[in-house]
Amino acid sequence: MTGERLLQVQDLTVRYQTQMGETHAVSGVTFFVNKNEVFGIAGESGCGKSTLIRALMRLLPDNAKMSAQSIEYEGEELTRLSEAKFREKILWARMSLVPQSAMNSLNPVYRVGDQVVEAIQAHKNVSKSEARERVTELFDIVGLQPDLMKNFPHEFSGGMRQRAMIAMSLALDPGLVVMDEPTTGLDVLVQERILRRIREIRSQISSSIILITHDIAVIAEMSDRIAVMYGGQIMEQAPANDLFDTPCHPYTLGLKNAFPSIRNLQQKLISIPGSPPTLLGAPSSCPFLERCPFCVQQCSQRNPENITIQPLHEVRCVRHGEAPLLREKASEKETWRSLN
Amino acid sequence: MPTSELPQTSAWRRILGEHYRIIMGNRLSAVGFVFIVLFLVVAIFAPWLAPHDPWEMLYDQEGEFASLRPPSWEFPMGTTHLGYDLFSQLILATRTTLLIGAISGGISILIGANIGLIAGYYGGKVDEVLMRFTDVLYGMPFLPFIIVLISLFGRELEFVILAIVLIIWRTSARVIRAQTISIKQRQFIAAARARGCSHLRIIYRHILPNVLPLLLLYAAFNIAWSIITEASASFLGFGDGETISWGGMLYELWLSGKTRVAWWWFTAPSLCIVLLVTSLVFVSRAYEEVANPRLRKR
Chain U
0 MTGERLLQVQ
10 DLTVRYQTQM
20 GETHAVSGVT
30 FFVNKNEVFG
40 IAGESGCGKS
50 TLIRALMRLL
60 PDNAKMSAQS
70 IEYEGEELTR
80 LSEAKFREKI
90 LWARMSLVPQ
100 SAMNSLNPVY
110 RVGDQVVEAI
120 QAHKNVSKSE
130 ARERVTELFD
140 IVGLQPDLMK
150 NFPHEFSGGM
160 RQRAMIAMSL
170 ALDPGLVVMD
180 EPTTGLDVLV
190 QERILRRIRE
200 IRSQISSSII
210 LITHDIAVIA
220 EMSDRIAVMY
230 GGQIMEQAPA
240 NDLFDTPCHP
250 YTLGLKNAFP
260 SIRNLQQKLI
270 SIPGSPPTLL
280 GAPSSCPFLE
290 RCPFCVQQCS
300 QRNPENITIQ
310 PLHEVRCVRH
320 GEAPLLREKA
330 SEKETWRSLN
Chain H
0 MPTSELPQTS
10 AWRRILGEHY
20 RIIMGNRLSA
30 VGFVFIVLFL
40 VVAIFAPWLA
50 PHDPWEMLYD
60 QEGEFASLRP
70 PSWEFPMGTT
80 HLGYDLFSQL
90 ILATRTTLLI
100 GAISGGISIL
110 IGANIGLIAG
120 YYGGKVDEVL
130 MRFTDVLYGM
140 PFLPFIIVLI
150 SLFGRELEFV
160 ILAIVLIIWR
170 TSARVIRAQT
180 ISIKQRQFIA
190 AARARGCSHL
200 RIIYRHILPN
210 VLPLLLLYAA
220 FNIAWSIITE
230 ASASFLGFGD
240 GETISWGGML
250 YELWLSGKTR
260 VAWWWFTAPS
270 LCIVLLVTSL
280 VFVSRAYEEV
290 ANPRLRKR
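Protein chains in written order, with numbering that gives the first Met the number 0: chain U, 0 to 339; chain H, 0 to 297.
Hints were generated in silico from the structure; no laboratory data involved. We put the beta carbon where it would ideally sit given N, CA and C, even for glycine. It is possible that part of the hints are untrue.
[To be verified] Footprint (simulated), chain H over chain U, 3 or more residues, beta carbon under 8 Å:
| no. | stretch |
| --- | --- |
| 1 | 30-41 |
| 2 | 86-94 |
| 3 | 318-325 |
[As the list claims (entries may be wrong)] In silico BS3-like cross-links for lysine-lysine, where the CA-CA straight-line distance does not exceed 25 Å:
| no. | chain 1 | residue 1 | chain 2 | residue 2 |
| --- | --- | --- | --- | --- |
| 4 | H | Lys-183 | U | Lys-84 |
| 5 | U | Lys-88 | U | Lys-64 |
| 6 | U | Lys-332 | U | Lys-255 |
| 7 | U | Lys-64 | H | Lys-124 |
| 8 | U | Lys-149 | U | Lys-64 |
| 9 | H | Lys-257 | U | Lys-64 |
| 10 | U | Lys-332 | U | Lys-267 |
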């Protein structure tokens with residue numbers, strides 16, 4: 000998998016000014032997305048996934064500060080673009096978003112089709128009927144009847160609204176579509192249908208997708224490469240198969256334990272004890288320290304750096320060398336209980 | 000392609016149809032609406048409807064000076080002590096009153112809505128400045144304000160309207176700001192932003208239609224308040240002396256000192272004020288039900 004680079008993010012940090020101090024919601028995140036690839040970002044609530052993509056798309060709230068060494072997209076350095084230029088040239092036209100809770104992302108007073116038309120006309124100088132034709136195509140891609148364009152959002156089911164939002168994100172043939180929790184809040188059957196739809200869309204369009212979810216099962220099924228986030232950092236990233244066959248980071252091991260496996264139905268799920276860190280101040284130790292059953296002296300002294308253990312497989316753990324041992328131990332329930 | 004023949008219905012046209020349904024869906028507001036239309040017709044055709052010049056000293060068929068006549072076939076609403084026909088005065092006053100109501104109600108809701116939308120949407124310093132300014136106006140007592148304004152500029156109609164507008168927009172600004180703040184936190188506004196919509200587009204295309212029921216409620220309130228305010232200002236002698244309004248008619252009565260004798264003189268304009276304001280309140284009530292469904296079916 001050595002495709003052409005689409006997006007390369009170097010050392011992205013986002014800090015929120017809060018009353019309690021500076022929260023490092025995302026610190027030192029480095030990743031890339033290739034053309035025609037699905038890049039999954041997994042992690043529990045509050046790990047910085049949404050902040051990361053909001054920073055990428057410059058949709059951060061006012062109390063957030065973002066810095067990055069470089070964000071290169073389609074050969075263009077985005078950090079040098081002004082807000083207005085970014086909005087005009089990149090946002091939606093070349094990099095679009097299916098927002099979190101996309102179901103509520105349609106304005107209730109306008110027809111669904113008109114909202115997609117608005118998105119098209121905001122960036123492209125086309126007539127309304129041309130835009131409408133494009134909407135018909137888009138609705139076809141996401142599996143909605145074209146005459147549903149005339150309906151209002153409240154006449155749509157949750158899954159239909161989700162698909163309408165996906166249609167809207169594809170409106171301008173962007174190089175990259177970011178899907179923030181595209182299946183959250185939908186029931187399992189609709190989830191499955193949406194995922195199947197996204198897979199079908201992948202074969203029809205050439206966009207890359209960044210898929211953000213806390214659902215390991217979804218990410219395993221959909222992604223080519225996966226990054227696991229914890230405490231605002233990417234703990235481990237690897238091609239999907241590598242990550243599930245030879246996970247190295249204790250957090251990835253824990254996450255894997257916490258999800259049911261189809262092959263082994265008898266297996267009892269093991270959860271990771273404790274709760275995520277508060278992220279106040281710059282990271283000075285491994286953020287997973289308090290919940291990690293394998294932590295050693297070194298873990299509390301500094302934030303472990305990113306280590307490439309094999310091509311495309313990077314991990315942020317001081318004990319990355321002992322991965323086979325950790326894997327063996329992590330599958331035992333006792334390992335995780337001993338922390339409490 | 001079948002969808003290329005989609006009807007080109009604009010959102011605004013659909014919204015208008017919806018408002019017709021809102022008004023007609025409630026019996027009281029339908030009655031109020033009919034009265035408002037009636038008053039509007041009278042106001043528009045006033046010069047042709049009025050049988051006499053409002054400031055013409057009239058004589059009856061016997062050639063006697065028609066001073067302080069009670070309602071009769073000849074003078075349907077009686078006459079003033081100077082022999083003016085009150086029916087004609089009332090009809091022409093309808094025009095002035097409605098004009099003042101529509102203009103000051105309209106301008107005040109325009110100012111109020113814009114200030115509310117902008118303060119609510121941008122928040123922060125913009126909000127702080129605009130809302131503190133509104134607060135200052137809240138501390139302004141109406142009568143001293145209008146006295147100062149009119150003694151500075153004169154008693155022309157436009158200054159009366161200006162004074163009313165400056166006092167009345169404040170409440171609508173506050174209410175619309177509050178509603179804007181609630182709407183702007185909804186997911187679809189963030190989505191519109193992500194889609195690359197400009198701030199202005201979001202304010203006027205995405206938030207405005209969502210605050211419209213509330214806005215129309217306050218438009219109706221503002222018109223009603225402008226009419227009452229104009230009447231009280233005129234009654235106190237701060238109206239435009241050149242044009243005749245319902246409040247102005249009452250002021251003339253007060254000046255003539257015939258309040259105890261000429262019951263017909265104050266009945267008609269007072270009833271008209273009450274009727275028009277009540278009609279407006281009934282119509283606004285229908286909007287209130289939309290804005291606040293808890294009022295429905297009690």
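Right, here's what the structure says about each hint:
Residue count for the stretch 30-41 of chain U with a Cβ under 8 Å from a Cβ of chain H: 0. That is fewer than the three needed, and the coverage hint is violated. Restraint check on the stretch 86-94 of chain U versus chain H: 5 residues with Cβ-Cβ distances below 8 Å, three needed, restraint holds. Evaluation of the coverage hint for the stretch 318-325 of chain U: breached, as 0 residues show C-beta separations to chain H shorter than 8 Å, against a requirement of three. Our distance criterion of 25 Å between C-alpha atoms is met by Lys-183 (chain H) and Lys-84 (chain U), whose separation comes to about 24 Å.
For the given pair, Lys-88 (chain U) sits about 22 Å from Lys-64 (chain U) by alpha-carbon distance, which is consistent with the 25 Å threshold. Distance check on the hinted pair: Lys-332 (chain U) and Lys-255 (chain U) sit about 13 Å apart at the alpha-carbon level, within 25 Å; holds. For the hint linking Lys-64 (chain U) to Lys-124 (chain H), the alpha-carbon distance of about 19 Å falls within 25 Å, and the restraint holds. Note on Lys-149 (chain U) and Lys-64 (chain U): the hinted pairing is violated, with a Cα-Cα distance of about 41 Å set against a maximum of 25 Å.
With a C-alpha separation of about 74 Å, the suggested pairing of Lys-257 (chain H) with Lys-64 (chain U) is violated against the 25 Å cut-off. Note on Lys-332 (chain U) and Lys-267 (chain U): the hinted pairing holds, with a Cα-Cα distance of about 9 Å set against a maximum of 25 Å.
Checked against the numbered hints listed earlier, the structure breaks hints 1, 3, 8, 9; every other hint is satisfied.
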